[in-house]
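A.B. asks: Sequence:
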Amino acid sequence: MTVKKKIPVEFEFPIRSSPKILYGFLSTADGLEEWFADKVTIKDGNYIFHWDGEDRKAKIVAKKDNAMIKFNWLGEDQDTYLEFNIVTDELTNDVSLMITDFCIESEKKETQQLWSSQIHDLMHIIGS
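Numbering (the working numbering), first residue to last: 1 to 128.
Since the hints were made in silico from the structure, they are not lab data. Incorrect hints may appear among the rest.
Computed beta-carbon distance windows for the label pairs [unchecked claim]:
id, residue 1, residue 2, range
1, K63, K43, 14 to 20 angstroms
2, S128, S106, 15 to 21 angstroms
3, H124, D79, 29 to 35 angstroms
Lysine-lysine pairs mimicking DSSO-like chemistry, simulated, CA-CA at most 27 angstroms apart [to be verified]:
id, residue 1, residue 2
4, K63, K39
5, K63, K43
6, K20, K57
7, K43, K4
Think of the CB as a built atom: it goes at the ideal place given N, C-alpha and C, for glycine as much as any other residue.
Use the sequences and the hints to build the structure in full.
C.D. replies: Structure, rendered in structure tokens:
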């Protein structure tokens, strides 16, 4: 059986929110539960994401308050990760959320649709 290599995919979503508020939804268990997973728990420094009976564990490998957070999925290739970057335009102060995720090439469109749906939920919660 051949394991298909995952490729990085990047998405950008404009969000009407302050970086501080947005960061809370990306970096805390309570915030992530609001829009990303059914339930999120933290145990021994690892985030455990629960979806429809499936659990995935991740570890924070990089973060900068109100700017970015990067998770490595435990048990997966070290080169695959989930990263959220909050970017503020210096001239307009518009805020965008940049997401880097990984998927196999044939699932790129489905991954885009999933993130669009998730971010729609996030914006609804934030009031954006």
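A.B. asks: If a hint holds in the structure, say so; if it doesn't, say that too.
C.D. replies: Cross-check of the supplied hints:
1. Roughly 18 angstroms separates the CB atoms of K63 and K43, a value that falls within the hinted 14 to 20 angstroms.
2. With their beta carbons about 32 angstroms apart, S128 and S106 fall outside the hinted range of 15 to 21 angstroms.
3. For H124 paired with D79, a C-beta distance near 33 angstroms keeps the hint of 29 to 35 angstroms intact.
4. Under the criterion of a C-alpha separation no larger than 27 angstroms, the hint pairing K63 with K39 is consistent with the structure, at around 21 angstroms.
5. About 18 angstroms separates the Cα atoms of K63 and K43, which keeps this hinted pair within 27 angstroms; it holds.
6. Between K20 and K57 the alpha-carbon distance is near 25 angstroms, which keeps this suggested pair within the 27 angstroms criterion.
7. Using a Cα cut-off of 27 angstroms, the hinted pair K43 and K4 is violated, with the two alpha carbons roughly 30 angstroms apart.
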